[in-house]
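Colleague: Here's the letter readout for the chains.
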Amino acid sequence: MFEKPNKHRSAIIGGLIIGAISGLPGLNFINCCCCAGIMLGGGISVYLYSSEFKVEMAPLESSDALILGIIAGIIGALLSTLIGVIIVLSFGPVEVEMARSFFERLTEKLENSGSVPAGTLDNLREQFDDAIKEASTVGGVLRSLIYSLIIYPIFSMLGGLICFSFFCKKKPTSSMPM
Amino acid sequence: MNFRIYILFTILVMLWCVGIVVAPALKQINNETAQGLYSFYSKVCHQQGEHSFHLGNEKFGVCMRCTSIYFGFCLSLLLMPLFGALKRNKITDKKFLTIILMPMLIDIVLNFLNISSSTVETRILSGLLFGLASPWFILPLIISAISKIIENKNLKELGVTNYVRET
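First to last, the protein sequences are chains W and X. Numbers 80 to 257, taken from our numbering, label the letters of the first sequence in order. Numbers -12 to 154, taken from our numbering, label the letters of the second sequence in order.
One or more of the hints may lead you astray.
Stated by the list, open to error - Capping the alpha-carbon separation at 35 Å, the derived lysine-lysine pairs in DSBU-like fashion look like this: (1) Lys143/X to Lys188/W; (2) Lys188/W to Lys135/X; (3) Lys140/X to Lys83/W; (4) Lys81/X to Lys86/W; (5) Lys133/W to Lys83/W; (6) Lys135/X to Lys74/X; (7) Lys133/W to Lys81/X; (8) Lys83/W to Lys74/X; (9) Lys133/W to Lys82/X; (10) Lys74/X to Lys86/W; (11) Lys82/X to Lys86/W; (12) Lys133/W to Lys140/X; (13) Lys143/X to Lys81/X; (14) Lys74/X to Lys188/W.
To be verified - Just so you have them, the derived chain W footprint on chain X, three or more residues with Cβ under 8 Å: (15) 7 to 20; (16) 121 to 134.
Unchecked claim - Some chain W residues judged to face chain X by a derived CB distance under 7 Å, without partners named: (17) Cys111; (18) Val134; (19) Met136; (20) Leu145; (21) Ser180; (22) Asn191; (23) Glu205; (24) Tyr226; (25) Ser244; (26) Phe245; (27) Phe246.
Hint data in this document are derived by calculation from the structure and do not stem from the laboratory. Here the structure is a predicted model, which means the values were calculated and not measured. For glycine and all other residues, C-beta sits at the position ideal for the given N, C-alpha and C.
Using the sequences and the accompanying hints, generate a full structural model.
Modeller: Following this line, the structure appears as structure tokens:
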């Protein structure tokens, strides 16, 4: 029986997806829905990894999905923080203000049509102000990185495990004595 | 070992839930830690005031739906041993997770498409249903995965992996 494929490629792709979804302004709102973007990244990394398996290899196990999810989450946390810093350093507050005005207009339209609840605009404005404050200080960036390093691996791991149970055939192996 | 994993996981979930309630409590007494907690939970929730439970005048760390999910999850975790769930050697069917996710997804989608607005009741009930049911699916997966890691580690220490490869 051959060894399992290397996890690096799948974990990096999963991490890239998490980083892109969580780091890009606007796109990161997906995470407001139970960290869906992070879980998606973890799930995709496991799915990609499972597609690398050949018949003669040892089967994919839940432990692989767990480890892969955690690694993808860590990469995603680092990457999303990096993207956040790059955006602030490259475009500065002017660009953030532009993004804010774009999203404000969009949210205002959605709010008027009733697609999003009233008060979303105020909330968005508050979040942008907080984000600018947080992103422009070293302490804020470090704090954000620490929070991400705690949260992302957890949800990415859950995404990976859920994907494993959905897409990978597996017989349960653990007994659960009390 | 599995029971230890369960205990550790339950403690972590309980800490997560406690943080949600502690954030407004600390904010009421103007403790600076509150802002850190809100900032922490902002990574997983939109934290809209009008969609949140309140403690005094301060909103919880996460919205109503998220609060229902997490507290439902925690409650279900605490009740699982009473139903003998830890003795069963079976991962719950994936269809089960899909079905219990449906009410919440329908509520979110209908609200977004402006067909039917979410109410406090629909947010709490759909979130609670998902929260209460999901540990039955997730916990066996986590226990199975961690057990496997420990098992593989022990085998490696014993040199069994090398022996199997060589043969």
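Colleague: State for each hint whether it applies.
Modeller: Do the hints match the structure? See the list:
With a CA separation close to 59 Å, the supplied pair Lys143/X and Lys188/W exceeds the 35 Å bound. Distance check on the hinted pair: Lys188/W and Lys135/X sit about 51 Å apart at the alpha-carbon level, beyond 35 Å; violated. With a C-alpha separation of about 16 Å, the suggested pairing of Lys140/X with Lys83/W holds against the 35 Å cut-off. Between Lys81/X and Lys86/W the alpha-carbon distance is near 25 Å, which keeps this suggested pair within the 35 Å criterion.
Simply put, Lys133/W and Lys83/W have alpha-carbon atoms about 9 Å apart, close enough for the 35 Å limit, and the pair holds. For the hint pairing Lys135/X with Lys74/X, the CA-to-CA distance comes to about 17 Å; that is within 35 Å, so the pair holds. About 24 Å separates the Cα atoms of Lys133/W and Lys81/X, which keeps this hinted pair within 35 Å; it holds. About 31 Å separates the Cα atoms of Lys83/W and Lys74/X, which keeps this hinted pair within 35 Å; it holds.
Taking the CA atoms of Lys133/W and Lys82/X, the gap is near 27 Å; set against the 35 Å cutoff, the hint holds. Only pairs whose Cα atoms come within 35 Å are accepted, and Lys74/X paired with Lys86/W is accepted, the gap being roughly 32 Å. For the suggested pair Lys82/X and Lys86/W, the alpha carbons sit about 28 Å apart, so the restraint of at most 35 Å is met. Of the supplied pair hints, the one linking Lys133/W and Lys140/X holds, its CA atoms being roughly 24 Å apart against a limit of 35 Å.
A threshold of 35 Å between alpha carbons decides the hint, and for Lys143/X with Lys81/X the separation of about 32 Å falls inside it, so the pair holds. Our distance criterion of 35 Å between C-alpha atoms is broken by Lys74/X and Lys188/W, whose separation comes to about 53 Å. Counting residues of the segment 7 to 20 of chain X whose C-beta sits closer than 8 Å to any C-beta of chain W gives 0, which falls short of three, so the coverage hint is violated. A stretch counts as covered by a chain when three or more of its residues have a beta carbon under 8 Å from one of that chain; for the segment 121 to 134 of chain X and chain W the count is 10, and the coverage holds.
Checking Cys111/W against chain X by beta carbon gives a least distance of about 4 Å; that is within 7 Å, so the hint holds. About 18 Å separates the beta-carbon of Val134/W from the nearest beta-carbon of chain X, more than 7 Å, and the hint is not met. Using the Cβ-Cβ criterion of 7 Å, the hint placing Met136/W at the interface with chain X is not satisfied: the shortest such distance is roughly 12 Å. With a cut of 7 Å, the hint placing Leu145/W at the interface with chain X holds, because the nearest CB-to-CB distance is about 4 Å.
Checking Ser180/W against chain X: minimum C-beta separation of about 20 Å lies over 7 Å; hint violated. With 7 Å as the threshold, the beta carbon of Asn191/W stays out of range of chain X, its nearest partner Cβ sitting at about 11 Å, so the hint is violated. Interface hint at Glu205/W: violated, since its Cβ lies 9 Å from the closest Cβ of chain X, which is beyond the 7 Å cut-off. The beta carbon of Tyr226/W comes within 5 Å of a beta carbon in chain X, closer than 7 Å, and the hint placing it at the interface holds.
A distance limit of 7 Å between C-beta atoms decides the matter here; for Ser244/W the minimum to chain X is near 5 Å, and the interface restraint holds. Given hint, Phe245/W at the interface with chain X, holds; its Cβ is 5 Å from that chain's nearest Cβ, closer than 7 Å. Taken as an interface hint, Phe246/W does not check out: its beta carbon lies about 9 Å from the nearest beta carbon of chain X, beyond 7 Å.
Checked against the numbered hints above, the structure breaks hints 1, 2, 14, 15, 18, 19, 21, 22, 23 and 27 and satisfies the rest.
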